[in-house]
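Chains as they are written, first to last, in this note's numbering: chain A, 1313 to 1417; chain B, 1009 to 1419; chain C, -10 to 191.
Be aware that a few hints might be false.
[Unchecked claim] Derived list of chain A stretches under chain C, where covered just means 3 residues or more per stretch with a C-beta under 8 Å from a C-beta of chain C:
(1) 1350 to 1362
(2) 1365 to 1372
(3) 1376 to 1382
(4) 1391 to 1397
[To be verified] Derived Cβ-Cβ restraints for the label pairs, each shown as a range:
(5) C/Gln(-7) with B/Val1360: 21 to 27 Å
(6) C/Ala178 with A/Met1385: 17 to 23 Å
(7) C/Ala178 with B/Arg1125: 36 to 42 Å
(8) A/Glu1413 with B/Leu1083: 52 to 58 Å
What the hints contain is simulated information worked out from the structure, not anything from laboratory work.
Just so you know, even glycine gets a beta-carbon here, dropped at the ideal spot from N, CA and C.
Here are the chains, one letter per residue:
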Amino acid sequence: MMPEVGLQSYLLLGALLFVCGAVCMAMKRNAIGVLMGVELVLNGANVNFVAFARFNSTFEIEGQIFALFVIVMAAAEAAIALAIVLNFYNNHMTVDVDTAEELKG
Amino acid sequence: MPYISSFWLYFDVLWPYVLAVLSALVLITFMLLSAIFFVWLERKVSARIQDRLGPTRVGGKYGWLQTLADGLKLLVKEDIIPTNADPMLFRIGPYIALAGAFLAFIALPFGNGVVARNLNIAIFFMLAVMSTEIFGIILGGYASGSKWALFGGMREAAQIVSYEVPRAISVIVPVIVAGSMNLTEIGKQQTGPFWNWIVFHDPFTFCAFWVFFTCATASCKRAPFDLAEAESELVAGFHTEYSGFRWLIFFMAEYGSMFAVSGIASILFLGGWHLGLLPPGWDMERLFGTVFGNFINVVVFILKGWFLVFVMMWVRWTLPRLRIDQVMITCLRYLLPMSCFLLVGVSVWQLVAAELTWLSLVNYLLAFGSLFLFGFMVFKAAATTAVSPTQLMPGAWPIAGSAGPHVTHKA
Amino acid sequence: MDVQTALFWILAGLTGLSAIAVVVTQNIVRSAAWLLFTLGGVAGIYFLLGADFVGATQLIVYVGGILVLVVFGVMLTAQGPFVTMKTSAAEWAISLVVGLLLFSVITLAAVNAPWPQDAHHSEDMESAETSQNSVKLGAAFLGIKEITPKKDLTGFPMGKTPPERKQVAYLLPFEIVSVHLLVVLIGAAYLARAKRRRGMPT
């Protein structure tokens, strides 16, 4: 019989999202792919936050508040990261992170 | 699953699923029937405004079954996918748009409690799921593999995303007045006579209605903000390469979201399912009993929604199209500061009106002033007589059996 | 199997598979499409966990905002119709091994640690119709919060008691985040302003 869906299941889902994001960040050559990995990592952490908010009444509100803050900060960070990537593209005509080898320019 | 000996033991387990499927079926049937009606209405309204007749052949004198004929034609059309298109993304684009438009109906109450799911954050949920429609448009534009579709899709996405901000801020204005995000609650607070409607509550909510309606029109990509579908420029924008059934899905999504935002406008501002003619404290349920009263409520709500959609179509065929930079300027330089100002204003009004009770006179002033203005406009429009043509058009000659094209000259 | 369990498996399956597809797909636009399903699935998980406000915020901000931004970035930086930058097989293998190691470490920690949980959490899931989440969130921003946990906690290590909770108001972080967003808005607009594009490098 299937085990009951409890805290552990949601933590595992968060872990899966986190690991997919980390591997995505490490593996993709497209800078925007790396950005997608960052979003996955943040979502994995958020799932953990909200799961703890649900299953532990001490953190009933803190979990959701932190999840809200993480979402908002992720939006800010995605905007800046995209602006940087666009600048990089304007200067180098490519978004391949393997070509980002020089400190200058 | 263990062996179940009788059907009724399944019932407890399966009932939530069955109920969910039934509600979804009812809602999607309503959405499709509305879309059928809107296609016919659009053709008739556009025709009459352009001084022609519109569909008059299929199904009687007024062309009632024209949409059925249109639908049949679209269903039997050949399913073309361009060579350059990304097959998977091309196929899922329309369905993401339809899902975004349809999910909003979960939380939209059609009557007092007549709602699929009476969420406590109903209006926020509706705004949230309607904002996922953009992705269907982006994917449709990109996956078509043609640069016109891509440009249309990008412009479209930029426009919708920009107009979502003043739309959401102007939605907060009646939420502040009502004190809840639950749409059924907001509707219940507008019981009774029409001066209880939130649109007449104070000047800030009055302006918020117009701001919301403008932003909703823009975010449904209707004219005068329909540059993405600008037939004169981009062929058809993001749905250039879509034909047949997939185009139908895109258009169902558009008409669905048009009705959804009209429904939101009518609940938040125009009293929802209340007719507005009953004395204070009375509503249709008290008058006619639960079942018939709710039926009247649902009919009133649907008529209000359809009327607002008709206003959107009316505006489309009256006003010229805005350029894309004018569209963005309208949003960022005019509507966004306006909506922020209205938000601050209504917050201050709520605090101040508790002290200065004479401010509620403004409510009656707005209500009766609007009624008077509306009646005056209707009277003026109805009192104009049609001008008969007097003189033959220059260069025209009479065709056998008729007098030929005439012009009218004002005396 | 009740509705909660069924929904969890459907949503978690959708989210997990889409997340893996984001990593595996070589085409960047398809990656973005799979990311859409992942983020939508995570929003569904939030609704399932009873955090309806956070779920709706996730849809508006992540799907309707960040993802649109990412796709705009993809469109603006694509040199050809479908840009693919292939990763070599060796990189695939190393990433897979590292990923599996990381996943197993986190999983072991998550499964074996004695997390303090409510003693009976599954019985009183509040329904979406009466959820006061938005009210509680708003009150928490002002520092109004129920301090005493209303349920017994199980799983605490021996000899320890739940710590004393103090009332915290989250208004200051909220204001800081607002100013942060304003700064980011201005910074991103400045960074991404239209400039003359340099020619192809040699």
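When the structure is checked against the list of hints, which entries are broken? Sort them ascending.
5
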